[in-house]
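**Q** One letter stands for each residue in the lines below.
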Amino acid sequence: MSKDTILNTIRRNLRRGPLPADQAAMLDGRLATHPRHLIPARSRLPRPEQVALFVRNLEKEFATVERVPEPAAVPAAVADYLAAQNLPSRFAMAPHEEMAAIPWENRPLLEVEKRRADPADSVGVQHGYAGIAETGTLMLPSAPGRPTTLNILPETEIVVLRATRVVGAYEEAWDLLRAENRDALTGGHMPRNVMLVTGPSRSADIEQTLELGAHGPRRLHVVLVDDDPAALPMADASPPPRTAEPGGRPAPGD
Amino acid sequence: MQVTSPAFKQNAARAMADVGLQKALGTAKGAFLTRRAAAVAALPEFERLRDVGRDIKNHALANLDFYLERYAAAVERAGGKVHWCSTAEDARAAILKICRDAGARTVTKGKSMISEEIAVNAHLESNGILPVETDLGEYIIQLRQEHPSHIIAPAFHLNREDWEAEFRRSHTDLPRDRVFAERRDIMQEARGKLRDRFLAADVGITGANFLIAETGSSVIVTNEGNGDLTQTLPRVHIALASIEKVVPTLEDATSLLRLLARSATGQDFSVYTTFSTGARREGELDGPEEYHVVLLDNGRSNMLGTEFGEMLRCIRCAACMNHCPVYGAVGGHAYGWVYPGPMGSVLTPALAGIERTANLPNASTFCGKCESVCPVKIPLPKMMRHWREREFERHLTPKAQRRNLALWRYVARRPALYRMATRAAVAALGLWGRGRGAVPTLPLAGGWTEGRDLPLPERSGAGGTFMAAYAKQRRQNGR
Ligand code: SF4
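Chains as they are written, first to last, in numbering that gives the first Met the number 0: chain H, 0 to 253; chain E, 0 to 478.
The hints are simulated quantities; they were obtained by calculation from the structure and are not laboratory data. Check the hints yourself; a few may be wrong.
Covered stretches of chain E (chain H as the covering partner; in silico rule of three or more C-beta atoms under 8 Å from a C-beta of chain H) [said to hold, decoys possible]:
#: 1; region: 51–65
#: 2; region: 125–137
#: 3; region: 192–200
#: 4; region: 206–219
#: 5; region: 272–279
#: 6; region: 354–365
Covered stretches of chain H, as calculated for chain E (at least 3 residues, CB under 8 Å) [to be verified]:
#: 7; region: 145–158
#: 8; region: 168–182
#: 9; region: 191–203
From the three backbone atoms N, C-alpha and C, an ideal C-beta is built for every residue, glycine too.
So that you can see chain E by itself, here it is in the shape it has in the complex (with noise of 0.2 Å):
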């Protein structure tokens, strides 16, 4: 997928004056913030659950290694074939060989993230291959040839009228008068759409929410059964996952799943949590008969170590999104890439390079809601400081702001230099925005003040700075 988070800003602008998107975020962001709340309300070891994934991602990551081996080692005693893929390129000819071998004219697809980073759909379509996707929000995607924008609900910022419209435009041989009268209606159309891909597909792919080193075993989790229909019905099924969901045991895997749907959706339990462990064995009626794992690094290793190393804890629930204040008024898509939100802006300088993304860690107000809901303890607003930081080191950051910056570091260096400073801003500010309540632009600070108002320093204690009232009190205090 094109990496377009440069954008950002310009992105998030044409988000902000999108009525559909402003109407459709409007309708969904309630729901996942009330629905998590009355999970983790109704679990009270939730908390103390929070750092058992913590424990269990910090160790599978300090061991990651050896539990690949492991895993690997377990996938082909049980008669799958493991793919180490180091890119994304390597990842897509390992898919188009599989598909290529298994002769497939289509390929169903379960949701995966992975999948849209990689970008194989566009990759199996040019050279002949049809991909189906089967998540229901990914199938509508597909039609709309769209991105995701939401990684566990792609559709998130379509309304009700998208999806009509839409299924209007693409079933053409249904009755044209054919009448949506309810949500259900719409999905039923859809449900009837991809059976008969279902059926006729040589090959399913699907992601995978964990993988277990002793079993070998890849995990799906969905609430449709798309997955699993995905996985089960085709003579192949290939998972695609990355290295860094290993787990070492089904008790870790359990631990981590009792996190998962409970941040995402706010169930107890999603529908169907599948373990999928080989091909076909002796004896059975059903099945794929042949099980790959493409597994994927694609920057990740390199991550390891590093001040963004804990990301790879990640369980990607989406809570952090549920709950951002930037995610909840641009949507998805501003972000420019496959992972938005929190998590995306942490995720995707990593893997995309920073260079290519470095208005990213500038997406968040830093109130840190998404670090308090994170299943698995992720401090991303640190590490979105990390990315900042490493941005201004490697003179990314806009020329105007570098030099605003290296002023403020002239001045903030030099204690009495600061304090007259600061104290003739805010006498500044104060005329400023007088009679206004604010201060709704500033010069110098334009694209600060575009979207927001600053407000007015505050008056009481003396003279309006921190340190004029920190020196004020000390001297009440008789100190």
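Just chain H, with the same shape it has in the complex (with noise of 0.2 Å):
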């Protein structure tokens, strides 16, 4: 059979038979404990200067973002954004807790659809489950509340987060899986699919030259609620929290 063809390749050449149980017991302990290695400093930053990494990194990579006070705000912001981009007032949004108790009907214009996204739509609106200030990285883990085709199948993806759910580095992201996820079938943290996703997509491969929006979404808009007190930018708190005025920097694919 092939896996023991395999597997006695591999010792033979390694000179040894299988692990000695004391060894196998020491490396399930490595796998158990899953020791960090050297994280880069840059995410270390005190909260508000996070969260502004954060913003500033997706915007780096060509994702736009605006910040709202409260959920409440959220159904305006989705909706100028729409309308900025010339965009239809209908999308697939994820059936998910917190986007279902979103004061949608505020905004009676706003078609919202609770399901996955099909081939048809042009938005999705995607419930984020964690930010990564590192790189400007959103974590979108499936779940029966969170589908995958949301991230990849409509033009426009807005992704709603929480600005207490913006970490510094990938290794936190994975942490807060770690304690929050339990899967029924595995038993396990991991659901079936992660994404880290980093600004709409966009490929290089006519001439190494990029252009966005290749078979992904062509435009990324994050909409940030900031339920975090201490992640609010510091000093003249006087200015409005809206980073990023709807369609004011040119949007991917414009």
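Now that you have both chains on their own, put them together as the hints suggest.
**A** Here it is in structure tokens:
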């Protein structure tokens, strides 16, 4: 059988048999404790700056961001963004409880459909699980309330993320998942699919020149709900919390 | 894929004379280098991360049997199936069987170099199943019935005109007078064409950049999102991965991911880094109903414990070829198999046999740039030298070269004779090249001077040879 052939060849060439029990136990310990390695210092920042780094990195990767003070402000932010981009007001939205708790009825013109994305959808609104400041990356684990198709099928993806869910390094996001997710099937923490998304889709396959909007979304817009008082921009809290006007910077693909 | 590596010299000569290719190489070359340099400069920890990356891979390889078993068990806990395949043939058969069981007519594919290695497309086609490449670069390669010329940018050798011409030839249902004003128009056309393919496919095949023993996950890294459409929309997902891709934990994979995109495209992180673990779970609204891993050895386990074992650390970032003067001059096709550039010169002989690839380890200037940029610090030049030695031992070196080397060895082992011979050679070379400033051709070394000039020997110092200069220096220092 191929399995035994492969394992035996490996062992023969490593000049040993199967690992002795004590060594195997040690390696199982390493798997269980999953030690961290060197983590770049760049994201180890006071909260306001950490969230600001997240926003800056998102924008560097051609995503757009709008900060809103509370969940009740999300419908207006989404409606304004769609209008500014000339996009339809009908969209597929993650059937997630936090998304359902947003008062969408405040904007009656929005047609919200709680479901996975279909090929015909031009806009998808996804629930953000975590944000990673290190590179402006969104963590989007699959779940009944967070279908994967919303991340990749629509031309425009909007992600609603709470500022409390912004962490510094990838490792911290894995730890959130480990602490919060218990999968019924495996008993482990790993969902079927975890996407780490950093900006809208792109390709440089034609003459090594970057073009946005390959197979996935050509626009990625993050609505960041400032539910973390410690993460608010410091000093003169007076200027509007919006760091990017909808449509204010050239949207990818325009 | 057919191995044409023995023809490296002819391939290279053809490549150097290919105007279109030279233009494409010229356009593409600089982009990767400057982007990588900028990304590396922006991360002060990068050098230390290279050590981390090397150590993680070494640890995984030293315990490869253990981690593969843990990995396979975790896949199966998550409802996936692992198909262990010793050879390319086993893997082709496993994939065909999964496709047949799924009643598949079309299969979409994400970019996978292993899929090229085992030539699975031809196998599926000859069995009535249509494979469709969805990575933009792979797509045009498939239309043109070529092979990729670069491991992360398959269409590295093509110019914009080539794309336009091919799309006009292949997409005959579109208006003939359509205009491709910008590169984006080319991409949009491909996007439109491939959308329907994604939706129609019964099976999606992706590669894997990493396998994670802790969770039983396969990881893909893309910028286009085609890999995610490939593994999410069809009913069956096959992840095609080789055994050395396994790492212990999410943290291990994360550290390597910090190196991968920066070394490859010069991005801080790729757009989509996706971890797949098993099939659709209870209550989920999308995702494949079946999840298979085709786990391929194909000669890798036999590299362990040899002087080529360290090559298994490779994370396929392509930095070595992007920085290689030889690759930059001749492109990827000249290397004659799936893996070009320095990593290919080491890997191809190991996987395809040195008998069929003896020329490859010579496709190097030994400038050392590849090793200095490799994110997992693989000593590529040293390994190419090992192959040269093996090639010589196994009498695969051309006769004239062997005779000359044997003569050199005879002389080199006799210091007095050696000094006399080198002094004579320096004098002769000086005469031969006088008035020309360099030595454009050399009797008995036509192969070497065909593509380059030999600089004139140093005439400063006493007599011109290193030994002579050294002796003179010692005398001057009064020792
Ligand atoms: S050998 Fe090193 S530089 Fe070359 S592709 Fe592999 S990891 Fe990258």
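**Q** Let me make sure I understand: some of the numbered hints might not hold for this structure. Which ones are they, in numerical order?
**A** Hint 6 alone not satisfied by this model.
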